[in-house]
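The listed protein sequences derive, respectively, from chains A and B. Numbered per the numbering used here, the first sequence spans residues 1 to 176. Numbered per the numbering used here, the second sequence spans residues 1001 to 1190.
One or more of the hints may lead you astray.
Unchecked claim - When the alpha-carbon atoms are kept at most 25 Å apart in a straight line, the in silico SDA-like pairs for lysine to any residue are as follows: (1) B:Lys-1014 x A:Pro-28; (2) B:Lys-1014 x A:Ile-173; (3) B:Lys-1014 x A:Asp-158; (4) B:Lys-1014 x A:Ala-16; (5) A:Lys-3 x B:Tyr-1051; (6) A:Lys-3 x B:Ile-1031.
I should point out that these hints are in silico values taken from the structure, not numbers from a laboratory.
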Amino acid sequence: MPKGMLPIYTQTVTAAGGVASITFNNIPQTFTDLVIMPSFRATLNGGVVVTNANIIVNGDTTSTAYSITGFGGNGSSLYSERAATQNTLRLGFLVSSLGTANYFSTNTITVGDYTSTKVKPWVAETCTENNGTANWTGLYAGAFRLPNPITRIAFTSDAGNIAQNSTVTLYGIGKA
Amino acid sequence: MAIRRFSIAEPGVKSNKFWDQDTAQGAMEPINSTVVSVAGTVTLSSIPSTYKDLMLVINARTDSSSLSSGLLRLNGDTGTNYSSTMLIGNGTSATSERYSNESFIRIGYAIGSSQLATTYSTQVIQILDYANTSRFKTILSRDASDTNGSGITQLSAGLWRNTAAISSLTYPVSLVSGSTLTLYGIKAGA
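Chain A on its own, in the form it takes in the complex (with noise of 0.2 Å):
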């Protein structure tokens, strides 16, 4: 058993056109809990100058896999929000392409005991900050509700491709 934080992998994307989706497979199963720290932008907007991450683990896509709840803010006003049957896990922000350059957010999200046969709870705490408008931070809990343990987990992004020079690391965590 690996003792305390190991990092485990770290992919970046080079490629211009960025990628529709960042994905690590064989997680090894060695560890109590896993921390993710993405920091990313999206290569579209839907519109929206910060748009969401999701996350399907597994591979799964069936609706009643994940659920959320979170809260957050703007600057000016504060939301709540909660997502039951979801079919994939909407944790994180990425700034889209309406956001100026250079400006990528950041996120950390934790796994806790996922490798057991229970439901799998997330939490995230997101930002994105681009000096005037359309900033956000929000603190998410997520679950993961099948009964698999986690060996993958693949990143997607509401609007277009993960854009280059995006990355995502991976750690464990071990017991004492």
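For chain A, the structure is supplied; the task is to place chain B on it using the hints.
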């Protein structure tokens, strides 16, 4: 120990090598630990560019009499190149605030010297891809300031509109003796 590759990168994605976890080193390494002995501002300098991310943990108490803003500057830049967006709760109400074109990032609050004795605010700050010169620097900060009956907690985003690698961090608010700042470097996969 054999080296195993656990994942294959998709086209257009650069993947770091993935080493057998038995040979992997810890992800977090302490870069700088500072304990304030004389009241004043603190700068952590000569930050190496060899890590993937940074995490800064601050236990802050200021020489201001009351709760004051906790602030951060990067690379000594005092220009108006920073902005912040925050979620704030104080036990009775929640707000969201935004500040643009300031000379610092707002990372939270700091307990003042006239407040509950021996009590410090805690701020945990994440800076991803701090050495990447193709992007501006976004930080994610959490703050906890509780004085047994009053308090405030904050989750905030901060931006420094500069693509330079981060080589120093300054807390430009006078901290009292006993405040601590610990900077960790977080490694990429192998």
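I'd like to know which numbered hints this structure contradicts. Please list them from smallest to largest.
Result: no hint breaks.
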